[in-house]
Every structure is written in structure tokens, then in C-alpha cells.
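Just so you know, the sequences run in chain order A and B. Read in order, the letters of the first sequence correspond to residues 0 to 245 in numbering that gives the first Met the number 0. Read in order, the letters of the second sequence correspond to residues 0 to 308 in numbering that gives the first Met the number 0.
Read the hints as simulated data drawn from the structure, not as lab findings. Check the hints yourself; a few may be wrong.
[Unchecked claim] So the derived list for chain A, only partly shown, Cβ under 8 Å to chain B, looks like this: (1) R1; (2) K14; (3) I15; (4) N21; (5) L23; (6) E90; (7) E94; (8) A98; (9) P100; (10) A233; (11) R237; (12) L241; (13) T242.
Bear in mind that the values here come from a model prediction, so they are computed numbers and not experimental data. The beta carbon of each residue, even a glycine, is placed where N, CA and C say it ideally should be.
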Amino acid sequence: MRLSKAWLVALRDFKIFRRQKNILYSIIVFPIMISVLFPTILQYAGQRSAGLLTAANLPSLIDSFSFFIVIGAAFIPLSIASYSIVGEKIEKSLEPLLATPLTDGEILLGKAIAALLPTLVAMYAGATVFMFGVDAVTFGSLGYNYFPNWTFGVLLLVLVPVAVVMSVLYSIIVSSRVNDVRSANSYGILIFLPLLLIYFASEIHIISLDINGLLIIAGTLSAIDIALYFVSTAAFQRDEILTKWK
Amino acid sequence: MIGLIETENLTKKFGDLTAVENVSLQVNDGEVFGFLGPNGAGKTTTIRMLCCLISKTSGSARVGGYEIGDKNDSLKIRKLIGLVPDNVGLSEHLTAYENLDFYGRIYDCTNAQRKENIKRFLEMLGIWEKRDVLVGTFSKGMKQKLAIARALIHEPEILFMDEPTANLDPESAKTVRDFILELKKEKRTIFLNTHNLDEAQRICDRIAILNTKLMATGTPQELEQSVSGKKTVIVLEQVNDAILNALKKLSLKSLTSDGNTITFDVIDPNKENWVVVEAIVLAGGHVGSVNVVGSTLENTYLKLVRESA
Chain A
0 MRLSKAWLVA LRDFKIFRRQ KNILYSIIVF PIMISVLFPT ILQYAGQRSA
50 GLLTAANLPS LIDSFSFFIV IGAAFIPLSI ASYSIVGEKI EKSLEPLLAT
100 PLTDGEILLG KAIAALLPTL VAMYAGATVF MFGVDAVTFG SLGYNYFPNW
150 TFGVLLLVLV PVAVVMSVLY SIIVSSRVND VRSANSYGIL IFLPLLLIYF
200 ASEIHIISLD INGLLIIAGT LSAIDIALYF VSTAAFQRDE ILTKWK
Chain B
0 MIGLIETENL TKKFGDLTAV ENVSLQVNDG EVFGFLGPNG AGKTTTIRML
50 CCLISKTSGS ARVGGYEIGD KNDSLKIRKL IGLVPDNVGL SEHLTAYENL
100 DFYGRIYDCT NAQRKENIKR FLEMLGIWEK RDVLVGTFSK GMKQKLAIAR
150 ALIHEPEILF MDEPTANLDP ESAKTVRDFI LELKKEKRTI FLNTHNLDEA
200 QRICDRIAIL NTKLMATGTP QELEQSVSGK KTVIVLEQVN DAILNALKKL
250 SLKSLTSDGN TITFDVIDPN KENWVVVEAI VLAGGHVGSV NVVGSTLENT
300 YLKLVRESA
């Protein structure tokens, strides 16, 4: 596996994404929503219901909001990877690519990098603004800056990459079975189910979103990632692509 | 002669369907080899196997001395070859230049090589002025030309072309054919899939006719003569029973009459036609013209394909 070759595939996809408005929107919109919307909600709620948002209950609310960064991180690669693979299918550009001295693994890795990197950059940028925004609006109530903290560090540096990888691999599998981006996105929505279950489970206190809880979730998602890796590499083989893909 | 492409009993099955059966052929260095066959004959499947895009079911094949099906050799084969697939498969959101530059990088061409080859091939194909235009806006003909330039960007030893002029307007098809003839002058080895008989006859040094199985291989002239020989067509003022009876006595092969025309097979027209004309004149006939027509590649192709169906 030559990383330099996979990087070439990713660079080409970046160039294509630059000219695809829907992909640009999906990369930008969710991080902006998270970084602006949640601090604004906290600010508004703090003003409207003085006394309800106290130093005791604010941290759990902020942690709940923080988990949306994971959900957002899983959302962005859906449209990128779907377009990246389904777009190649529509343009029938995989055949000439497969005829070059690139291995199937290098092409797949290139596609994964192309979906992974913009997602992480966008979500980390959004998370940074989110941290500053939340600190700014909650300092008065908490008396200290809530961020940065170790829990958020684990969420950003462990859980987010694992969730992004899960979304990328799942999108590759879905894209191999459908013929248009819309269908790929429709099936892709299913990836949110486990993440939403985790979120609701945390809301009713079945699981906790503290460091231990996040590490357990990350471990579980990593196991899913490994399973998805084997399925996606089996789907992304030249014989399969040229003879069995729809 | 060096066999740059060699296959022995190459076979591909998709489940119960046999797409290519026991194909054995050899393509020599510097040769333009035409692969003729109807739709579904297995031409594209053969190219895909030779380009290491899909696996073979049985048999063997070597491209540039490397074995298809061997994982290490597959990468070496793909370095040697260029492919113009039946669907151009260009990235429509990239410019012509970006498309070619990407492929040049994959093949490890240096910056100078990429620049030089992109300019050279786009100029040869008449689309250099469009280099910075998004491919999505290109016509079919322009896309096909760009796909050919892409396949050549790394100066491959062997060029595989899968129906490069299919679905093109006559002018674009001519440009592509002329370009292939230019490549032929450069002594490039070209494996050309086509069902355009005229194109095959004009461009190819040798032709193979495929309909799942290999039906025949040879030069266009050899193939023309392989199925049926020459025919003599004599136009008379009038054909009557006396003339026909006189000709029947000569035991001519495939003798037919249609209106005032008589046709029969000949092996040596210079000797045989005199005898026939003399018999017609003695039977009271008046000969208007005597023509010898050869068998065409089309006749050969249709006969072989119908026989195999």
C-alpha cells in the first residue's frame, strides 16, 4: 500500500469537491450549526429562564450538546463518500482508474482520506468555536471556563475519528449497492441510529457521557469499524466493481 | 516476431454464462490488432482480462511477458498498458488538463513529461485550446479524444482501445481513426475492439473475429479469401434456356441467374471466364460485360458469425 498514491486519489477528489456546491454546504453547514447554535441556545436559555441553568446542571447539558459534534462528524462523510463513489459510478470513471497501476486498497484509502480529512478539519474548527462560545456564555453561571477538559478531549480525539471512519466505511458499502447519490444518502441515514440511541440513552441516564462512557462507546464503534472495514474492502474489489456493482 | 500479448485457451465465465471461451491468440510488437465481433461477443471482457481489470476463469495470458492473474505481475502489466474504455470515464468536474495531469502523476511521470505529453497529445487531437475547460461541457467526440490522450499520457507500450469510434459523428470518428493511424506509424502496439468492419480493414494489420470463441485470425486480405473466393458476374442482353443449358454443361460452381445477370464462383478468372464467354456466344448470347468481384471482409465476418450463432 503506497500512501502517496492514495493521496493522489484524495487530492483529485478534493479538486472535484471544490466544484460541488452540495458537498461544500454539507462540510460547512453542520460545524457552523454546532458552533453557533448551541452557544446561542445556552445564552438564550440562560437569559429567559434565570435560575434553571445552574452550575450543577449546566455541565451535563453542555456534554449532551457536545455529543452532537459526534453526530455531525458522522453526517458529513455521508454526502462526501456517497458522491465520491456514486459519482465515479455515474461518470463510469472507475474503470480507467482501475486500469492504472493503483491497487484497489490505494483507491479505497484515497476515497476514505478524501471523506475523512475535510470532515475532521471542519468538525475540529466547529468544535473550537463551540468551545469558545460555550465558555463565553457559561462563564457567568459556572464561574470558570468549562472547556477545554479531558472529556471533550476524548470526545474530539477518540470518538469523533472513530465515528467518521464508521460513516465513511458504511457510505462506501452503501454506495456500492446504489446508483444515485440521493439513494446513497437515504440509506446512509441509518448510520445515525446507533449514535442517536447513545444520545437518548445518555439523556435517560442509561449511559454516561463521561470519559469512561465515551471510551466504552469508542471501543464499541471501533469494533463496528473493523467489521465495516472487512465488508467495504470485500465490496471494493475490481472484479466486484466491474461485474457486480449496479 | 515477439508476441507482446499472448493468450492460451483464455476463458471467462460469469456463473453459467460463458463470455469468452478458449481464446488463443498472439499480438505482435508494433502491430495494430483488430478484435471484431458482434455485441456480447466477449470483446470487452477479453480486454478487461488482459488489462487485469477482471479475473480469468481458466487458461492463461501474458501481456508484455507478464502473467495476468498473478498479483505482482498485474501491477507491472498496468504500467505497460493504456486503456481507452468503451465508456470514456472522465471526471466531469475537472478540466481536460487536470484529468490528464492526475493520470500522469499516477504513472509517476515527471512534471516535464506530463507537461510535454499533455500538450503534444491535446494538440494532435485538436483540443489543446480547451485544456482549461471542465470536461462536463465537452461533446462526445471531444471526450473520446481526451480519453485517448489519457491512455497515452505515460507513453504505454500497448494501447487497448474498446470501440473508440462508437457513437461518434463521422467527423469525430475520422479524427480518431486518423489519430490511430498516426500511432500506427509510431509502431505502437494497439489492440482495437471494434464492430466497424471498414475501420478494422483500414487500420488493422491483423484481425481476429470473436463470437465467444475465436472464429478466425489473419490479415484483412487473408480473412477475405478464407471463406469464399472470387465471383464472376456476366451481364447479358438476355438470358435464355439455351445459354443456361450450355453453362450447366461446364459444371460451374454456385451458378445463379438473376434477370439478365449470371454469377458463378471462379478460382482462376483469366482462364475460366474465356471458356464461359465462348459457351454463351456459341449458345447465341450477347455479352454486355464481364466483372470479377472478390469476397469482402463483411461477407467473411457475417458468414463466421452466423455459423457460430
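Can T242(A) be said to touch chain B, with a Cβ gap under 8 Å?
6 Å, holds
Hint check: 8 Å Cβ-Cβ cutoff, A98(A) to chain B:
Holds, about 4 Å.
Mind checking the CB of P100(A) against every CB in chain B and telling me if the closest is under 8 Å?
5 Å, holds
Chain B contact restraint for N21(A) - C-beta distance below 8 Å:
12 Å, violated
Taking 8 Å as the limit, does the beta-carbon of A233(A) come near enough to a beta-carbon in chain B?
15 Å, violated
Given hint L23(A) near chain B, where the shortest CB pair must fall under 8 Å
Nearest chain B Cβ about 12 Å off; hint violated.
Supplied contact hint for R1(A), tested at 8 Å Cβ to chain B
10 Å, violated
Holds or violated: is the Cβ of E90(A) closer than 8 Å to a Cβ in chain B?
Status holds, d = 6 Å.
Interface restraint verdict for K14(A) against chain B (beta-carbon cut-off 8 Å):
6 Å, holds
Per the CB criterion, is I15(A) less than 8 Å away from chain B?
Interface hint status for I15(A): holds (5 Å vs cutoff 8 Å).
Have a go at the E94(A) hint: is there a Cβ in chain B nearer than 8 Å to its own Cβ?
Because about 5 Å separates E94(A) from the closest Cβ in chain B, which is inside the 8 Å limit, the hint holds.
Per the CB criterion, is R237(A) less than 8 Å away from chain B?
6 Å, holds
Consistency with the previously given hints fails for numbers 1, 4, 5 and 10, ordered from lowest to highest.
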